[in-house]
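Q: Residue numbers (the working numbering): 1 to 361.
Fair warning: there could be bad hints in the mix.
As the list claims (entries may be wrong) - Below are the BS3-like pairs computed for lysine-lysine, each with C-alpha atoms no more than 25 Å apart in a straight line: (1) 21 with 157; (2) 85 with 45; (3) 80 with 239; (4) 45 with 31; (5) 85 with 21; (6) 282 with 35; (7) 239 with 85; (8) 270 with 31; (9) 342 with 213; (10) 144 with 215; (11) 282 with 270; (12) 35 with 270; (13) 137 with 85; (14) 76 with 45; (15) 74 with 45; (16) 213 with 349; (17) 157 with 85; (18) 270 with 239; (19) 65 with 157; (20) 45 with 270; (21) 76 with 31; (22) 282 with 45; (23) 215 with 342; (24) 31 with 80; (25) 239 with 282.
As the list claims (entries may be wrong) - Computed Cβ-Cβ distance ranges for the label pairs, DEER-style: (26) 126 with 358: 14 to 20 Å; (27) 297 with 29: 42 to 48 Å; (28) 107 with 19: 33 to 39 Å; (29) 47 with 19: 25 to 31 Å; (30) 275 with 193: 43 to 49 Å; (31) 213 with 136: 22 to 28 Å; (32) 136 with 99: 18 to 24 Å; (33) 213 with 345: 18 to 24 Å; (34) 360 with 65: 26 to 32 Å; (35) 331 with 47: 48 to 54 Å; (36) 348 with 92: 42 to 48 Å.
It should be emphasised that the hints constitute simulated quantities derived from the structure, not laboratory data.
Treat the numbers as computed from the prediction; the structure is a model and nothing was measured.
We treat Cβ as the ideally placed atom computed from N, Cα and C, and that holds for glycine.
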Amino acid sequence: MDFTLIITSRCQLDCSYCYAKPHSSISMDYKTAVKAIDFAFDHTKSELQLGFFGGEPLLEFELIKSLVEYSEFKRKETGKNVFFKLTTNGLALTEEIARYLTDNQFFMAVSLDGSPDSHNSCRTLPGGGPSHTDCYKGINILRKFIPDVEVIFVISKNNSEYLYEGIYWLVENNFTNISLNFDYSSDWGSSSLDVLTHQMELITDLYISQMRKEKPVELSFITSKIRTHLNGGYRSCDKCRFGLEELAVTPSGNIYPCERLAGGDPEEMKIGSLDTGIAPEKLLWLQNTHGYVVNEDCSECGVSTRCANWCHCVNFTLTGNINVTDGIVCFWEKLCIELADKAGEILFKEQNQVFIRTFYQ
Numbered sequence: 001m002d003f004t005l006i007i008t009s010r011c012q013l014d015c016s017y018c019y020a021k022p023h024s025s026i027s028m029d030y031k032t033a034v035k036a037i038d039f040a041f042d043h044t045k046s047e048l049q050l051g052f053f054g055g056e057p058l059l060e061f062e063l064i065k066s067l068v069e070y071s072e073f074k075r076k077e078t079g080k081n082v083f084f085k086l087t088t089n090g091l092a093l094t095e096e097i098a099r100y101l102t103d104n105q106f107f108m109a110v111s112l113d114g115s116p117d118s119h120n121s122c123r124t125l126p127g128g129g130p131s132h133t134d135c136y137k138g139i140n141i142l143r144k145f146i147p148d149v150e151v152i153f154v155i156s157k158n159n160s161e162y163l164y165e166g167i168y169w170l171v172e173n174n175f176t177n178i179s180l181n182f183d184y185s186s187d188w189g190s191s192s193l194d195v196l197t198h199q200m201e202l203i204t205d206l207y208i209s210q211m212r213k214e215k216p217v218e219l220s221f222i223t224s225k226i227r228t229h230l231n232g233g234y235r236s237c238d239k240c241r242f243g244l245e246e247l248a249v250t251p252s253g254n255i256y257p258c259e260r261l262a263g264g265d266p267e268e269m270k271i272g273s274l275d276t277g278i279a280p281e282k283l284l285w286l287q288n289t290h291g292y293v294v295n296e297d298c299s300e301c302g303v304s305t306r307c308a309n310w311c312h313c314v315n316f317t318l319t320g321n322i323n324v325t326d327g328i329v330c331f332w333e334k335l336c337i338e339l340a341d342k343a344g345e346i347l348f349k350e351q352n353q354v355f356i357r358t359f360y361q
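With these hints in hand, go ahead and build the complete structure from the sequences.
A: Here you go:
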């Protein structure tokens with residue numbers, strides 16, 4: 001079970017692409033959080049992935065510590081394993097917090113959109129001021145403990161012109177595990193998509209160059225698509241279990257099938273609450289519709305098995321239907337597959353040993 005506690009709506013930033021808005025002063029109380037953890041353990045077969053989400057979750061660090069302690073109690077009581085994960089913007093990080101997260105084996109990710117120009121074009125303070133310097137300072141505290149921490153870089157229309165610059169900056173500053181998240185809700189047009197395509201081509205060339213220099217960088221859009229080629233497409237274990245094995249709980253105690261759909265506690269995608277459980281009709285709906293994509297174009301597409309058109313929260317956000325995707329998804333997925341195949345073909349033909357070890361051994 002992948003279970004996310006949205007422990008606060010508070011955040012120090014006002015990012016243009018944030019799907020957790022509107023921000024507020026609301027945070028989850030301990031009683032609700034304990035009830036949520038009980039619910040998660042009750043609905044987990046053997047292993048629980050417990051995520052702390054916001055807002056900025058580290059603004060509730062004392063609550064997190066209490067909940068980790070309670071989760072360890074539940075682990076001993078039930079015999080079910082529990083692992084913790086958290087994504088932070090870095091602003092609240094201190095050595096004490098970083099050491100605690102490391103000691104408790106949190107899977108950590110940091111939000112950093114590369115270079116100052118790239119980052120500050122989207123990830124601003126509430127008054128519009130830049131945040132890169134302070135975010136990077138906090139993230140570097142965490143890197144003392146987790147040198148290869150994952151970086152989440154969101155690609156938006158606003159920062160697309162800085163994309164290569166941003167990734168190059170990360171590589172030059174020794175970040176080696178970079179996940180690119182595409183902002184589908186941006187107002188993409190043909191000219192901005194042309195800019196994006198060129199920037200992505202430059203990044204692919206950088207990936208190839210780093211492999212040749214034996215200084216590999218994990219770039220999610222390349223490595224994930226190469227693996228879909230080797231595996232014959234996405235495997236069922238690669239896909240999220242939206243609403244079935246993946247749930248999120250808001251501070252009010254409402255249950256959602258994904259944290260991306262829970263911003264503002266909307267009634268439309270709520271599937272239950274901690275008090276009442278998951279509504280039977282919602283569970284039946286999830287079971288009957290999960291995993292289907294009904295776009296006719298997809299059935300005739302030669303790369304459909306390698307396409308992430310199955311992301312229900314993205315589909316719902318774009319089309320209002322969890323099983324109907326949008327053309328912008330098609331554009332992004334085809335671009336990633338094309339560039340990943342280019343990199344893979346070049347490096348395989350060269351018999352690049354770093355590439356061979358990464359994907360074939």
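Q: Are the hints correct? Go through all of them and say.
A: Quick rundown of the hints versus the structure:
1. The suggested pairing of residue 21 with residue 157 holds, with an alpha-carbon distance near 19 Å, which does not exceed 25 Å.
2. A distance of roughly 19 Å separates the Cα atoms of residue 85 and residue 45; the hinted pair therefore holds under the 25 Å criterion.
3. Among the hinted pairs, residue 80 with residue 239 is consistent with the structure: their alpha-carbon atoms are about 23 Å apart, no more than 25 Å.
4. Between residue 45 and residue 31, the direct Cα distance comes to roughly 24 Å. Compliance with the 25 Å bound is thereby established for this hinted pair.
5. Between the alpha carbons of residue 85 and residue 21 the distance comes to roughly 21 Å, so the proposed pair stays at or under 25 Å and holds.
6. Distance restraint check for residue 282 and residue 35: the Cα-Cα separation of roughly 21 Å lies within the 25 Å cut-off, and the hinted pair is therefore satisfied.
7. Taking the CA atoms of residue 239 and residue 85, the gap is near 18 Å; set against the 25 Å cutoff, the hint holds.
8. Of the pairs offered as hints, the one joining residue 270 and residue 31 holds, with about 21 Å between alpha carbons and a cut-off of 25 Å not exceeded.
9. Simply put, residue 342 and residue 213 have alpha-carbon atoms about 18 Å apart, close enough for the 25 Å limit, and the pair holds.
10. At roughly 20 Å between alpha-carbon atoms, residue 144 and residue 215 fall within 25 Å of each other, so this suggested pair holds.
11. This hinted pair checks out: residue 282 and residue 270 have alpha carbons roughly 9 Å apart, not beyond 25 Å.
12. Of the pairs offered as hints, the one joining residue 35 and residue 270 holds, with about 18 Å between alpha carbons and a cut-off of 25 Å not exceeded.
13. Restraint check for residue 137 and residue 85: the C-alpha separation of about 21 Å stays at or below 25 Å, so the hint holds.
14. About 15 Å separates the Cα atoms of residue 76 and residue 45, which keeps this hinted pair within 25 Å; it holds.
15. With a C-alpha separation of about 13 Å, the suggested pairing of residue 74 with residue 45 holds against the 25 Å cut-off.
16. A threshold of 25 Å between alpha carbons decides the hint, and for residue 213 with residue 349 the separation of about 16 Å falls inside it, so the pair holds.
17. Between residue 157 and residue 85 the alpha-carbon distance is near 29 Å, which puts this suggested pair outside the 25 Å criterion.
18. At most 25 Å may separate the alpha-carbon atoms for a hinted pair to count; residue 270 and residue 239 meet this at roughly 21 Å.
19. Only pairs whose Cα atoms come within 25 Å are accepted, and residue 65 paired with residue 157 is rejected, the gap being roughly 37 Å.
20. Distance hint between residue 45 and residue 270 is fulfilled; the C-alpha atoms sit about 23 Å from each other, no more than 25 Å.
21. For the proposed pair residue 76 and residue 31, the alpha carbon gap of about 20 Å is at most 25 Å, so the pair holds.
22. Distance restraint check for residue 282 and residue 45: the Cα-Cα separation of roughly 21 Å lies within the 25 Å cut-off, and the hinted pair is therefore satisfied.
23. Proximity of residue 215 to residue 342 is assessed by CA-CA distance (about 19 Å); at most 25 Å being required, the pair is judged to hold.
24. Restraint check for residue 31 and residue 80: satisfied, since their Cα atoms lie roughly 21 Å apart, inside the 25 Å limit.
25. Under the criterion of a C-alpha separation no larger than 25 Å, the hint pairing residue 239 with residue 282 is consistent with the structure, at around 20 Å.
26. Separated by about 41 Å at the C-beta atoms, residue 126 and residue 358 break the suggested range of 14 to 20 Å.
27. For the pair residue 297 and residue 29, the supplied restraint of 42 to 48 Å holds, since their beta-carbon distance comes to about 47 Å.
28. Between residue 107 and residue 19 the Cβ separation comes to about 21 Å, which falls outside the hinted range of 33 to 39 Å.
29. Roughly 27 Å separates the CB atoms of residue 47 and residue 19, a value that falls within the hinted 25 to 31 Å.
30. Restraint check, residue 275 to residue 193: a C-beta distance of roughly 46 Å satisfies the suggested window 43 to 49 Å.
31. Between residue 213 and residue 136 the beta carbons are some 24 Å apart, a value that agrees with the proposed interval 22 to 28 Å.
32. The given range of 18 to 24 Å is respected by residue 136 and residue 99, whose C-beta atoms sit roughly 19 Å from each other.
33. Between residue 213 and residue 345 the C-beta distance comes to about 19 Å, which sits within the given range of 18 to 24 Å.
34. For residue 360 paired with residue 65, a C-beta distance near 43 Å fails the hint of 26 to 32 Å.
35. The supplied range of 48 to 54 Å is broken by residue 331 and residue 47, whose beta-carbon atoms lie about 36 Å from each other.
36. Residue 348 and residue 92 have their C-beta atoms about 43 Å apart, which keeps the hinted 42 to 48 Å range intact.
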